[in-house]
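Visitor: The residues making up each chain are set out below.
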Amino acid sequence: MSIMQYNGGCLVGMKGKNCVAIASDRRFGVQALGLSTNFQRMFSVSNRLYYGLAGLGTDVQTLSEKFRMSVNMYKLKEERDIAPTTFASLVSSTLYERRFGPYFSEPVIVGLEKDDTPFICATDLIGCINFAKDFVVTGTSSEQLYGMCEALWEPDLEPEDLFETISQAMLNAVDRDALSGWGAVVHVITPTQVITRTLKGRMD
Amino acid sequence: MARRYDSRTTIFSPEGRLYQVEYAMEAISHAGTALGILADDGIVLAAEKKVTSKLLEQSASAEKVYVLNDTMACAVAGITADANTLITYARQQAQQYLYTYSEEIPAELLVQRMCDLKQGYTQYGGLRPFGVSFLYAGWDSHFGFQLYHSDPSGNYSGWKATCIGANSSNAQSILKQDYKETGITLANAKSLAVKVLAKTMDSTTLGSDKLEFATVSKGNDGKIAFHLFSAEEIDQLLKDENVAQFQEEDS
Numbered sequence: 001m002s003i004m005q006y007n008g009g010c011l012v013g014m015k016g017k018n019c020v021a022i023a024s025d026r027r028f029g030v031q032a033l034g035l036s037t038n039f040q041r042m043f044s045v046s047n048r049l050y051y052g053l054a055g056l057g058t059d060v061q062t063l064s065e066k067f068r069m070s071v072n073m074y075k076l077k078e079e080r081d082i083a084p085t086t087f088a089s090l091v092s093s094t095l096y097e098r099r100f101g102p103y104f105s106e107p108v109i110v111g112l113e114k115d116d117t118p119f120i121c122a123t124d125l126i127g128c129i130n131f132a133k134d135f136v137v138t139g140t141s142s143e144q145l146y147g148m149c150e151a152l153w154e155p156d157l158e159p160e161d162l163f164e165t166i167s168q169a170m171l172n173a174v175d176r177d178a179l180s181g182w183g184a185v186v187h188v189i190t191p192t193q194v195i196t197r198t199l200k201g202r203m204d
Numbered sequence: 205m206a207r208r209y210d211s212r213t214t215i216f217s218p219e220g221r222l223y224q225v226e227y228a229m230e231a232i233s234h235a236g237t238a239l240g241i242l243a244d245d246g247i248v249l250a251a252e253k254k255v256t257s258k259l260l261e262q263s264a265s266a267e268k269v270y271v272l273n274d275t276m277a278c279a280v281a282g283i284t285a286d287a288n289t290l291i292t293y294a295r296q297q298a299q300q301y302l303y304t305y306s307e308e309i310p311a312e313l314l315v316q317r318m319c320d321l322k323q324g325y326t327q328y329g330g331l332r333p334f335g336v337s338f339l340y341a342g343w344d345s346h347f348g349f350q351l352y353h354s355d356p357s358g359n360y361s362g363w364k365a366t367c368i369g370a371n372s373s374n375a376q377s378i379l380k381q382d383y384k385e386t387g388i389t390l391a392n393a394k395s396l397a398v399k400v401l402a403k404t405m406d407s408t409t410l411g412s413d414k415l416e417f418a419t420v421s422k423g424n425d426g427k428i429a430f431h432l433f434s435a436e437e438i439d440q441l442l443k444d445e446n447v448a449q450f451q452e453e454d455s
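Keeping their order, the protein sequence lines are chains A and B. For the first sequence, the positions run 1 to 204 when my numbering is used. For the second sequence, the positions run 205 to 455 when my numbering is used.
Treat the hints as calculated values from the structure; they're not laboratory data. Glycine included, C-beta positions come from ideal geometry on N, C-alpha and C. A couple of the hints might just be wrong.
[What the hints assert, rightly or not] Derived Cβ-Cβ restraints for the label pairs, each shown as a range:
| hint | chain 1 | residue 1 | chain 2 | residue 2 | range |
| --- | --- | --- | --- | --- | --- |
| 1 | B | T214 | A | K75 | 31 to 41 angstroms |
| 2 | A | T85 | B | E307 | 30 to 40 angstroms |
| 3 | A | D115 | B | K258 | 25 to 35 angstroms |
| 4 | A | T85 | B | Y303 | 20 to 30 angstroms |
| 5 | A | K114 | B | K258 | 29 to 39 angstroms |
| 6 | A | L33 | B | S434 | 26 to 36 angstroms |
| 7 | B | N359 | A | S93 | 32 to 42 angstroms |
| 8 | A | T85 | B | Q296 | 16 to 26 angstroms |
| 9 | A | P155 | B | K258 | 15 to 25 angstroms |
| 10 | B | Y303 | A | C128 | 18 to 28 angstroms |
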């Protein structure tokens, strides 16, 4: 019984050509008992910056509320949107503040920088940032996601192709994990728009 | 007469007055005018900027009108540095409420939080009161659009239209005459605000460099929108009301 495997759930983020994508499953349960098929794990900071949180459900919710508060204050004081790298540092320091009594949640952050360069990163539960060049994964099916991403990902995928790639990585990884799945949501972020799609997956 | 009882905020005078609080209000009466008008579909906040110079970097932050959160904004009159501290406090209180309840803070509640802080400085600590008055323009789902005024004593009240700062009593009486009780739209409120400012401002010429103008209203998407007018928009508004810089009282 590990606290990080109590509620289940997973996320993946990928870089594409002038675009990024983030996907999550929708399961929320208490160990073997599944309770919800529409648990929100991904949140938007702006229309160019999204993040997701895997791990203990209550910490997912509390952290998203904490980040909303900090980003709102940032926007009011700085009079501009927060940059992806800055937000990543905010996430990292917020998690490290609880170094010896941490939030049981591991985030994935994806977005476009000011000059439209794609940005992705993930951190561990105490804020160590992993600036990846290709993809980032987190959650109970992270190992499966690593395998799927390594096999399917290639650089410079167009938004439509990135969507197909990230969706297949997610759907097939969660099918090999009892605690993840029960639906999936994907956001594809480009300089002009964000396309959100709900995937049809196995509901077992 | 007052000298013996005015140097500490925490003591009354024999007549039962708090001189430091009164002196704070005196500081505000020298500051740039700010007025607020409540309409059925929104609120107008307009203010006269006191600090104007060609050398001033105009594009930098606001001096009189500030956003507090997604549903409220405020106009200040008084010591700008004091105002900045209080505005940061208000913003933090609003976010703390949002964090706790996942709902935006009701307008009157935010006003109360500010006033409780201001009142503290009149009763303990031995620190001088804040030399700022605020006009709060906000919306909540309980009471719709609301306009409040608070002063250094920590007292507040809700208004349909009010004015603070220099020439405020003058402006207040004009507002009392011209404000229509029912059926006032945001457009009416905007033109009334301009008319009142034109009559009471210190400077003889009204220009976009001397004014800050903002509205709080509901957008087509149902979300509350705060619109700070740009220099061009203010000029257009002044032109529409025939009080633009080059059309003074001589017509």
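Visitor: Determine for every hint whether it applies to the structure shown.
Guide: Hint check:
no., hint, in the structure
1, B:T214 to A:K75: 31 to 41 angstroms, "holds, 38 angstroms"
2, A:T85 to B:E307: 30 to 40 angstroms, "holds, 31 angstroms"
3, A:D115 to B:K258: 25 to 35 angstroms, "holds, 34 angstroms"
4, A:T85 to B:Y303: 20 to 30 angstroms, "holds, 24 angstroms"
5, A:K114 to B:K258: 29 to 39 angstroms, "holds, 31 angstroms"
6, A:L33 to B:S434: 26 to 36 angstroms, "violated, 56 angstroms"
7, B:N359 to A:S93: 32 to 42 angstroms, "holds, 40 angstroms"
8, A:T85 to B:Q296: 16 to 26 angstroms, "holds, 25 angstroms"
9, A:P155 to B:K258: 15 to 25 angstroms, "violated, 53 angstroms"
10, B:Y303 to A:C128: 18 to 28 angstroms, "holds, 25 angstroms"
Hints 6 and 9, counting from the list given before, are not met by this structure.
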